[in-house]
Structure formats: C-alpha cells, structure tokens
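Trainee: Protein sequence lines, in the order shown, are assigned to chains D and W. First residue of the first sequence: 1, per this note's numbering; consecutive thereafter. First residue of the second sequence: 1, per this note's numbering; consecutive thereafter.
These aren't lab readings, by the way, just hints derived from the structure by calculation. Do not take every clue at face value.
[To be verified] Here are the simulated DSSO-like pairs of lysine-lysine, each with C-alpha atoms no more than 30 Å apart in a straight line:
| id | chain 1 | residue 1 | chain 2 | residue 2 |
| --- | --- | --- | --- | --- |
| 1 | W | K118 | D | K298 |
| 2 | D | K338 | D | K27 |
| 3 | W | K288 | D | K319 |
| 4 | D | K58 | W | K118 |
| 5 | W | K288 | D | K389 |
| 6 | D | K318 | D | K351 |
| 7 | D | K255 | W | K118 |
| 8 | D | K272 | W | K288 |
| 9 | D | K196 | D | K289 |
| 10 | D | K58 | D | K143 |
| 11 | W | K118 | D | K318 |
| 12 | D | K298 | D | K65 |
| 13 | D | K27 | D | K70 |
| 14 | D | K289 | W | K118 |
| 15 | D | K298 | D | K128 |
| 16 | W | K288 | D | K311 |
[Stated by the list, open to error] With the Cβ distance kept under 8 Å, some of the chain W side facing chain D (calculated, not the full set):
| id | residue |
| --- | --- |
| 17 | S175 |
| 18 | Y222 |
| 19 | H295 |
Just so it is clear, CB atoms sit at the ideal spot from N, CA and C, and this is done for glycine as well.
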Amino acid sequence: MRVHKLMLAGAGALAIALTANPVSAQKKYDDGASDTEIRIGNTNPYSGPASAYGQIGKAIEAYFKMVNDKGGINGRKVNFITYDDGYAPPKTVEMVRKLVEQDQVLFIFQTLGTPSNTAIHKYMNGKKVPQLFVATGASVWGKPQEFPWTMGWQPDYQTEGVIYAKHILANVKDAKIAVLMQNDDYGRDYFNGFKKGLGKDADKIVQVATYEVADPTVDSQIIALKNSGANAFFNITTPKFAAQAIKKAHEIGWKPAHYLNNVSSSVGAVMKPAGFEAGQGILTASYIKDPTDSQWDKDADMVAWNAFMDKYYPGGDKKSTFPAYAYAVSSTMAEVLKRAGDNLTRENVMKQAASLKGVEIPLLLPGIKINTSATDFYPIQSVRLARFKGETFELFGDILSGESE
Amino acid sequence: MEQLIQQTAAGLANGAIYALLALALVMIFVSTDHINFAQGEMAMFSAYLTWQFIQWGANFWIALPLVMVLSFAIGVGIERSILRPLHNAPVLSVVVVFIGLLTIFHALAGGIWTHTIKAVPSPFPQVSFPGSGYIGAHQLGMIVVTIVMLFALFAFFRLTPLGLAMRAAAQNPASARLAGISVDWMLALGWGLAAAVGAVAGSMVAPAVYLEPNMMASILLYGFAGALVGGISSPGGAVAGGFIVGVLENLIAYFGNVIERATGLYIVGNGEKLTVALIIVITVLTLKPNGLFGHVTVKRV
C-alpha cells in the first residue's frame with residue numbers, strides 16, 4: 001500500500017511536471033494567428049477629403065514589410081490588411097465587418113478617425129475583437145470598464161487641454177483668454193478639457209470663436225478675438241487653419257500668449273507656411289519627435305526612421321509628421337505582439353497591450369514612455385511643453401501628465 | 001467701429017476669393033450652358049502648377065501666364081476628349097462626368113504634390129499703405145485682380161466677335177451652326193477660357209488660404225452662392241454676388257457677437273454664418289430667380 005501511495009504521488013508529480021512544460025510551450029491561437037502568420041486589420045482614408053491621413057496607413061504597411069523582411073515577430077509574418085473607408089463611418093463599418101468576419105483578422109489596429117472609430121466601437125466590443133491603438137485623440141477610447149476591447153494611443157485632447165489651462169493660470173498674469181476652435185467633436189473635446197483645467201477660473205475665457213472646416217479662412221474670427229482684448233489664446237485648429245490663424249494674428253499685430261494644440265504642432269506643415277517670424281513664442285505640447293524639426297537631425301531614432309522611409313516608403317512625405325507617428329505606433333504594436341509570444345489569443349493580445357510599464361518607443365520625446373494597466377487604457381499621457389524659437393520648437397520644463405477619466 | 005471696418009475688409013477679401021471662382025463658373029456657363037462642378041478642383045490644380053513653376057525659380061508674373069496657357073490647353077483637351085462624345089447625352093450623364101473630373105483632379109494633386117499644405121508667396125509687394133491695418137496687401141491685390149478680370153471678360157463677351165459667337169453657340173447651338181459658327185470649337189474654347197480664368201482664381205487664392213488639394217472644395221460652394229445671387233449669366237453679377245456673400249457672412253457673425261455682448265442673448269455666431277448667408281441666397285433666388293443682375297432668359301417656342 002505504502003509503495004502504491006508513493007508511486008501515485010510520483011506519478012502525480014510526473015504528471016504535473018509533464019503538463020507544466022507543455023503549457024509554456026503550447027501555442028494558442030484565435031482567428032487570424034497561426035505558426036506562420038499574424039493577420040491585422042485596418043481602415044484608412046486613402047481617398048476622399050481626409051486622404052492626407054492615408055499616409056499613416058501606407059506607412060504602417062511599410063513598417064510591417066520591414067518587420068517581415070527582418071524575420072517577422074517571433075518567427076511569424078505580419079499580414080497587414082488595410083482597406084479604404086474614405087473617412088465615411090458607414091464604409092468603416094462595412095470594411096471592419098469584412099475584416100473580422102471574412103478575412104478573420106486577429107485584431108483591428110489604428111483605424112483612423114473619431115467618427116469612424118465611434119461607428120465600430122460597440123461592434124468590436126460585442127465581438128470581443130481588440131480595437132487597438134486607434135488613430136484619434138478623443139478622450140473616449142480609454143474606458144476599460146465599459147469597452148474592454150478598445151484602446152487609444154496618443155495623449156487625449158482633454159488631457160492636453162487641462163495642461164494648457166494650468167499653464168495659463170500659472171504663467172499669464174490677469175489672464176483674459178480667447179479660444180478659436182473647430183466646431184466639431186474634436187474641437188469640443190479640447191475645449192472641455194481646457195475648461196475643466198481652468199476650473200473655477202473658467203470665467204477668464206472672454207471670447208470663443210468657432211469655425212467650420214468649410215470656411216476658406218479664419219481671418220474674421222482672429223479679428224474678433226483680438227478685439228476682445230484677450231492676452232492668452234488657445235488655438236484649437238487643424239494645420240491649414242492653424243497656419244492662417246498664426247499669420248493673421250501676426251499681420252494685425254495681436255501678440256497674446258499663444259497656445260497651439262498638438263494637432264498642428266508640425267514645423268513643416270504649420271509653422272513654416274505661417275512664417276517663422278509670425279510663430280515666435282508660440283507654445284505647444286508634444287510627445288513625438290517632429291521630422292521637420294532640425295534639432296532631431298542627428299537623433300538615432302530619426303536617422304533610423306529616415307532610412308526606413310527611403311527603403312520602404314520612398315513615396316512618403318518626409319516633411320509630414322504622419323509617417324513618423326505611424327512608425328511609433330507600429331513599433332508599439334510590434335512590441336505588444338512580441339510580448340504575446342506564442343499565446344496569440346485576442347484575450348492575451350489585449351492583456352499584453354494593457355500591461356506596458358515604462359516602455360520606450362522610438363521617436364517619442366526623451367522621457368515619454370508608454371504606460372498601461374488593466375484600469376489605464378491611455379498609453380501616452382505625458383507631454384512636454386515647447387516654445388517656438390528660431391525655426392524649431394524648444395522643449396522646456398518637466399514632463400507633464402494629466403489624468404483623464 | 002474699428003472692428004466693423006476690419007470685418008468688412010476681411011469680408012471683401014474673402015468675397016474676392018469667391019468672386020474669382022464665380023467668374024470661372026460664369027465663363028463656363030455662358031459658353032457651354034453647363035455648370036462645371038470640377039471648376040474648383042481644376043483651379044486648384046492650376047494653382048499647384050503655378051507653385052511648381054515658382055519652385056523651379058520662375059517669377060509669379062511669369063508663371064501665371066504660362067499656367068494660364070497650360071490650363072487653357074488642359075480645358076480644351078478635356079472638352080475635346082471627354083465631353084465631346086457626350087454632346088447629345090442627358091444632363092445627368094454630364095454631371096456625373098463633372099464629378100468624376102472633380103475626384104480625378106483632387107487625387108492627382110494629392111498624388112503628385114502630397115497633402116501637406118504649401119505656402120505660395122504673394123505676388124504683391126508687402127508694403128504698408130493707407131489702411132493697411134485693415135486689409136493685407138495681397139487681399140487688396142486680389143480685389144484689384146478680380147475687378148480687372150471682370151472688365152476683361154465683360155469686354156470679351158460684349159465687344160469681340162468671338163465672344164458673341166461663343167454666347168450664340170451656348171444659347172442656341174442650332175441657329176449658331178446655321179450662321180456658320182463652329183459650335184464644337186466654341187464649346188472647347190469656352191472650356192479653355194474657363195480653365196484659364198480658374199488658373200488666375202487658384203493662383204490668387206492660394207497665397208491667402210494656403211495650397212492643398214482641398215483648397216477649393218469649400219470655396220466652390222461659396223463661389224456658387226455668389227454666382228447665383230448675382231446671376232450666373234452675368235460676370236458683373238457674379239463678382240458682386242461674391243463680394244456680397246463674403247461681406248455678409250462676416251457681418252452676420254459680427255452683429256451676432258455684438259448682440260450677445262449687449263444682451264447676453266446668443267442668436268447667431270460663426271457657427272451659423274454660412275447658414276444665414278445661404279438663407280439670404282435662397283430668399284434672393286425665390287424673389288429674383290435669375291439673380292440680382294441676371295438677364296431673364298426668354299426662349300422662343
């Protein structure tokens with residue numbers, strides 16, 4: 001009997017040992033993953049009014065081509081399937097359904113646009129397919145309680161708005177604030193964060209002017225804002241309008257403390273067309289290295305990015321921040337997949353994406369790292385303030401973080 | 001008061017933008033009896049050509065005539081190759097072709113020159129002059145160019161035999177043909193001239209709003225509004241209409257703001273200025289369907 005018991009115990013231990021090893025080596029797959037391939041789905045506006053953003057999709061495709069040329073991720077090739085949605089939400093829904101149900105991708109990555117992602121938000125969470133690192137700065141993508149399968153990437157607009165508000169309160173004496181904003185969800189998201197940051201000082205906003213994307217210029221708005229007597233200006237505009245606003249303010253001699261949203265902080269696409277002289281002293285918050293900013297010319301990340309652009313995306317615009325953004329966000333995705341190892345289930349991909357601790361990603365500003373957890377679905381929440389001087393944005397001060405709920 | 005003058009001046013500057021494009025729309029309407037939806041994108045494409053010549057080292061005033069000639073050729077080429085087979089097609093087919101052209105030019109510009117906005121240097125000297133606090137040199141130059149263009153077009157249609165032949169070909173092709181006018185070539189000529197006028201519009205607008213493939217998309221809408229208010233068949237009306245729309249939208253926002261400050265009551269602001277401007281356009285058209293300066297079209301049955 002005694003022997004028998006021992007044998008049993010031994011057999012048990014053996015069984016545990018036998019099962020323990022295979023568990024770590026066992027490969028687990030959901031749809032879209034196999035020994036040789038990881039299928040990733042994406043939509044981008046390659047045509048239509050927002051087709052400028054299409055560069056992001058093309059640059060991501062080029063990035064994964066580079067990854068595949070270097071042997072793939074854990075030996076698997078990435079099959080990046082991307083469709084044109086023309087920035088039309090109904091089309092996004094159609095394309096994403098095709099990706100999930102027909103192409104059977106493991107997850108969706110970097111679908112672009114606030115309206116497009118809103119349109120598929122419920123579908124993705126209902127299907128339990130990850131909707132990862134979406135290409136929009138709206139603040140609604142970080143709600144793991146309600147939407148555990150959706151995650152943003154860049155600092156959200158509200159966080160950024162809070163940071164500017166606090167900076168104005170601390171640095172502009174007797175602040176009288178003027179706001180120019182695009183009349184849509186993007187503009188309102190920034191403005192809401194800004195008001196939240198001002199708190200009880202929200203009455204320091206003396207004038208708000210809105211513009212429609214269909215307006216040819218914002219000259220009239222700038223004239224009205226100047227006449228309000230404001231000495232601080234929060235500029236919530238997309239690149240073309242930002243350049244117009246900066247130029248017009250300079251022309252009519254309005255010199256407030258000028259805070260420019262990150263959306264338009266590109267030197268090549270905004271500051272240069274507006275005229276460097278008109279842009280002196282403008283403040284912005286940034287998290288990514290701008291390829292048109294000469295201070296990064298010798299930076300190792302930027303050199304690697306330039307080599308990548310030359311070899312894999314020669315048709316891309318090196319003066320645009322979009323391919324740089326695409327490179328950084330794709331690096332984050334590749335890191336998550338590397339960490340997922342051979343356990344390529346949707347659940348594990350999501351789990352890995354939600355357990356990034358202080359991860360450094362190429363092209364992010366020095367000191368800015370990616371942090372996520374089961375309750376924090378905002379990967380980048382830090383920015384650094386920069387002031388335009390000469391022909392570049394000079395970083396100053398500490399890394400600033402905001403909390404969005 | 002100072003703001004009122006500034007807003008009016010900014011409105012006139014915007015109005016010049018609309019008026020220039022409206023002129024191209026009138027040009028094509030008078031000479032072909034169609035409204036070309038691709039007119040804005042063609043003007044945008046021409047503006048890119050101007051920018052390209054400037055990049056290659058040309059002076060603006062040398063680049064512009066070159067681009068006008070090129071645009072003229074493109075316009076004639078489009079008419080001869082794409083629209084000619086559609087001469088007897090229903091108007092809807094023609095509209096679809098126009099929309100097709102619109103997307104083609106848009107995608108071509110984005111493909112060739114990327115979507116990053118480009119600054120086009122102003123061709124006018126940046127000097128200060130009396131009143132330069134209210135309006136920029138380029139804006140003033142734009143208004144002058146608009147008026148010069150207007151007179152040139154007016155003279156062309158009224159005073160030259162070719163202008164008369166073109167109007168005849170558009171309004172009554174059958175009779176014109178009987179009178180010995182080559183209607184086919186008149187239509188092609190109309191396309192060429194509209195494209196050339198568009199080239200001036202695009203090249204003048206670009207320094208003010210920055211050059212990018214979407215540059216004309218929204219301006220076309222205002223240009224239409226201007227052309228319709230003034231009368232789509234009259235160059236003078238289109239220019240006046242453009243200025244009216246431009247000034248009106250600024251003043252609406254301005255007075256909305258004044259009322260809000262005085263009474264705390266929000267009635268209109270920048271968000272509604274386009275809506276209000278278009279309501280006025282509709283009102284004008286309901287009362288005067290041919291526009292403020294348009295001719296009443298009489299057709300003999």
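Trainee: Hint by hint, say whether it matches the structure.
Mentor: Hint check results:
| no. | hint | in the structure |
| --- | --- | --- |
| 1 | W:K118 - D:K298 | holds, 26 Å |
| 2 | D:K338 - D:K27 | holds, 14 Å |
| 3 | W:K288 - D:K319 | violated, 50 Å |
| 4 | D:K58 - W:K118 | holds, 22 Å |
| 5 | W:K288 - D:K389 | violated, 55 Å |
| 6 | D:K318 - D:K351 | violated, 34 Å |
| 7 | D:K255 - W:K118 | holds, 24 Å |
| 8 | D:K272 - W:K288 | violated, 46 Å |
| 9 | D:K196 - D:K289 | holds, 28 Å |
| 10 | D:K58 - D:K143 | holds, 29 Å |
| 11 | W:K118 - D:K318 | holds, 14 Å |
| 12 | D:K298 - D:K65 | holds, 25 Å |
| 13 | D:K27 - D:K70 | holds, 22 Å |
| 14 | D:K289 - W:K118 | holds, 21 Å |
| 15 | D:K298 - D:K128 | violated, 43 Å |
| 16 | W:K288 - D:K311 | violated, 61 Å |
| 17 | S175 | violated, 41 Å |
| 18 | Y222 | holds, 7 Å |
| 19 | H295 | violated, 29 Å |
Against the hints set out earlier in the document, violations occur for numbers 3, 5, 6, 8, 15, 16, 17, 19.
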